[in-house]
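Protein chains in written order, with this note's numbering: chain C, 1 to 652; chain D, 653 to 968; chain W, 969 to 1118.
Careful, some of the hints might be misleading.
[Said to hold, decoys possible] Restricting the straight-line Cα-Cα distance to at most 25 angstroms, the calculated cross-link-like pairs of lysine-lysine (PhoX-like) are:
id, chain 1, residue 1, chain 2, residue 2
1, C, Lys256, C, Lys198
2, D, Lys691, C, Lys610
3, C, Lys524, C, Lys437
4, C, Lys394, D, Lys723
5, D, Lys712, C, Lys589
6, C, Lys609, D, Lys712
7, D, Lys723, D, Lys691
8, C, Lys602, W, Lys1048
9, D, Lys887, C, Lys582
10, W, Lys1048, C, Lys394
11, C, Lys107, C, Lys83
12, C, Lys437, W, Lys1048
13, D, Lys691, C, Lys602
14, D, Lys887, C, Lys589
15, C, Lys251, C, Lys177
16, C, Lys582, W, Lys1048
17, C, Lys582, D, Lys691
18, D, Lys887, C, Lys610
19, C, Lys83, W, Lys1048
20, C, Lys609, D, Lys691
Please keep in mind that the hints were generated in silico from the structure rather than gathered at the bench.
Quantities reported herein were computed from a predicted structural model and do not represent experimental measurements.
Below are the chains, spelled out letter by letter.
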Amino acid sequence: MRIGVFVCRCGTNIAGTVDTQAVAARALASPDVVYATELLYTCSEPGQQEIQNAVLSHRLQGVVVAACSPRMHELTFRRAVEKAGLNRYMLEMANIREHVSWIGQDKAANTEKAVELVRMAVAKVRRNEPLFGSQVPLTKRVMVIGGGVAGIQAALDCADAGLDVVLVEREPTIGGKMAKLDKTFPTIDCSSCILGPKMVDVAQNENITLHTATEVESLSGTIGNFTVTLRKKAVYVDWDACTGCGLCMEKCPSKKHPDGFNEGLATAPAIRIPFPQAIPKKAHIERSACRYFTTGKCRVCQKICPVGAVRFDMEDRQVVENVGAVIVATGYDLFDPAAYGEYGAGRYPDVITGMQFERILSASGPFGGHIRRPSDGREPRDIVFVACVGSRDKSVGRPYCSGVCCMVIAKQAILARDHLPEARCYVFYMDIRAPGKNYDEFVRRAVEEYGVQYIRGRVGKIYPKGDRLVVQGADTLLGAQVEVEADLVVLATGVEPSRGARELAEKLHISADTHGFFMEGHPKLKPVETNTAGIYLAGACQGPKDIPASVAQGSAAAAKVLALFARDSMTTDPQTAHVAEKVCIGCGKCLTVCPFGAIQWKTLRDGTKKAQVLETVCQGCGLCNATCPPKAVQLRHFTDDQILAELEALCA
Amino acid sequence: MNTLQSIVASVWDQVDMVLGWQPGYDPLHPVPAFVRDPKDIASLIWNPLCAPNLSVYLAKSFKAPTRGEKKIGILAKGCDSRSLTALIQEGLVDRNRLLIIGLPCPGTVDPDALTSVRTQSGPITDVSFADGMVQLTATDGVERVPLDQVLARRCQRCRHPHPVLYDVLLEEVVPRPVPKDPFAHVKALENQPLEARKAFWLRELERCLRCYACRNACPLCVCQDQCLAESRTPKWVTQKDTVADKFLFHMIHTLHLAGRCTECGECERVCPMKIPIGLLKEKTAHIAMDLWGYESGTDPAAQPPLLSYDASVNGL
Amino acid sequence: MRDEAVTITNQTESSLRIVGFLCNWCSYGGADTAGVCRFRQPPLLRIIRIPCTGRMDPMFVVKALIQGVDGVLVSGCHPKDCHYAVGNFYARRRLELVGRFLPFIGIDPRRFRYTWVSASEGQRWQQVVTEFSALIAALGPNPGFSAHVR
């Protein structure tokens, strides 16, 4: 074989601590290396040109580039050698920058190390084989999981571009958390006024198939061809018939069940439309609240419904959708403040969460938009907001900042003062995070125009005094402990991933970080991609963020999907596993361990069974290769012989 | 022997053939019998010399047993039944095609131990067993030796003398004491310093001929002609006559059996160079027990630990 | 950590070799991150890139040590974060078993280590490499077997 070695100086990044000339010279000692040289910047155009010229003039069959990390430039050099007529898998890189020149100053030791790494790469490329991907047709449909603002934006952008969209939402209505908000910062726009039209767009868009009260059960396949099984939960109302008239809600006798949409501050009938702007505007029955389901008696709604839409015999059913890409936009949930026993959340009815306060502020909320204390319905005069409840706190397993609460508190304090001009608002804060456009100015307004009193310090204890509460905290700027008597205390609870996020991550074969937020492909450069090809992220499921950022990510994810579908077919990655049929003994161990179900049985004519890899499903992990006893199944480009060659070159 | 023959005769109509033992080339070595004709049932024997593990014939390239339509009868001691269970666990053998005749086992004799313990020296013409004694009839007289004194190493540490899986059981239930520490031999080696352990294995494995008798006798080694140790592609091990290569072969064999080996001891029994290779697999079985509480070949529905995983963050 | 570096002055030490099998998605990225942050490490390590620790046949560890490599390091994604969902769960079992088996055949088990390092943990990678290199330097060259396998 004829191999060429190209050693990069990378300016002084490598040449500063590695004798690149010596590395190139010594590379010629390896058998099959017919050409070796050093370059200044190999990834530059002249650098790539030099490689291409060498491939042609020296008739090279394999190329080793000793330079930066392959995670940086493997694709660059693969394309370069491909343009010179060489198969792109006949290229290997030796990482002599991140793994050598940048981590030590001993030039002699570094040079020796670089020489060995080049020798290992040469040994590997000697065993490499040309690989060819195949063209597979793409299913030009996208599934968006999550109907909050990020998912809605992604769905609309894809649909407007002409793509078929399947939007899956586990609640009976889309809208997510944004639908529960009263006003949004920093513009004090009414949340449902800006979200409502988008929700209606989703309902009316011909390209969007909406599945609400539906969850993802399983996903199989690979980019361009996913098969997703959905579970449509029984809602006990035929939505083809239901007109959303609301008569059933009026007549339902079960009116004592707490209403989740209003954060437990109000009750709702067992059969309900979640809120007036719900999309789809259809009724559903909460089984645990329904008298018919719990006692066998009632059925008033069924009798009263003018179109006979109530169906108690409805069952969950499965729907299978074939899509080419998936956008995950499952949003967030809020931290349960019961973990701070000293704050009394859950014990004192007037210690509430920020989301509960949003519902109180909302005109469609439990008190019709009037701020009242949950305990006695009195208007509060003194309202205390506590920041960072379940954020920036290692002791409750939430070391991160939730990013939005400082702004939410400012907004809620401003609105409280609007509703109740006589009220006094206090905010216990640690720092103020107000990075966006007009954000800091908004917080200043709260202080200067609305007279909200900001106290820098944490709250240590909240305890009852008569029918009021005392908030005891620190004022670090004064250097003293302070106590504020309050009628209502609002805890700004931190953002955490949506309930069930980890289980969903496992189903989709994507990763979640230690906190459960889904992991992006690269923290800076790939914020909406995951490491699983074809699955994208948008919104708070990737990390706490505000509405503008969620909307931006929704559009970004849609752009990724549109780029993917810009062609009619895609080339599969040929770094997949392959079974040498004659060697396979049919033991089935590879089938057992494959995480993606990419191996199936193939029955030969004499009845013996052999393993066979489905190349379009195989993700190239190599678990089968490691498990196979006779090593019949080999992972292309990382075969046993290739890895053993690297090991052998090291020991030589 | 009447009881054994009558049991086999009673199940004869359910099977195409019965795997058992018959007298062999000398009184100390019975050989496997593949009985296809009912008149051959009379040749079947069962005594503590019946050491070979018959389950080895089921999953390898010997296709004949699987070709028939009825079941395959097989005589199985405790250790043999564990091998059958392990084969069932991995789907290498269909439980519904087996008719297992379970044999509670008093332990098998190591013929070399017998030869070294006896005081007479003439060729042995007959061996019989009664009351825990082995009676040797030789040309120069009759001698009796306690069975306990001549048990194979694998039987001295046996935890399952009674078959763990069977369809029919031979009546006699032989009580056998459970060994105090079945892994005593492994621990004896581990109590020696590291260098002594390496020296031990270098010395022992130097004698290895790469004859592959151990591999061929192992019921779970089903790769046969495709064995990695003889493969050119990929090339994990060469055919060079160095102790490092021999070591690598045994590492492949041992690691491929890790979490699967049922400690039947056949590998050690058939080694012509008397290398105690059973110790290597006993160590992996011990590790599997420590880490996962797993004992191969005891539960047909269990999944071998290296073919499954624990999905918790801090699990193993 | 940033300014400490193990200085290899001893001739024997400079010929010590550690082979590292790093998974492409997490640990190789972590080693890159350590490089980008210029975290100094001793130069004993030679990295072989594999797609996932699930690709690790425990035989690679044994073969490397029998062939005379002085130390073997395997590193992958943290459990539950595997790019291929479950590869490291299998690896965890197989590598733990082989690690406990090595001393039985007379190989010092301290010459083998497996860790979980994510792509962002540059500092942790520096620590792992520095500690392991110091350990291998203290253990000295692998006494090996009487013949090397080629």
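Any hints this thing doesn't respect? Which numbers, in order? When the structure is compared with the hints, numbers 1, 2, 4, 8, 11, 12, 13, 15, 16, 17, 19 and 20 turn out to be violated.
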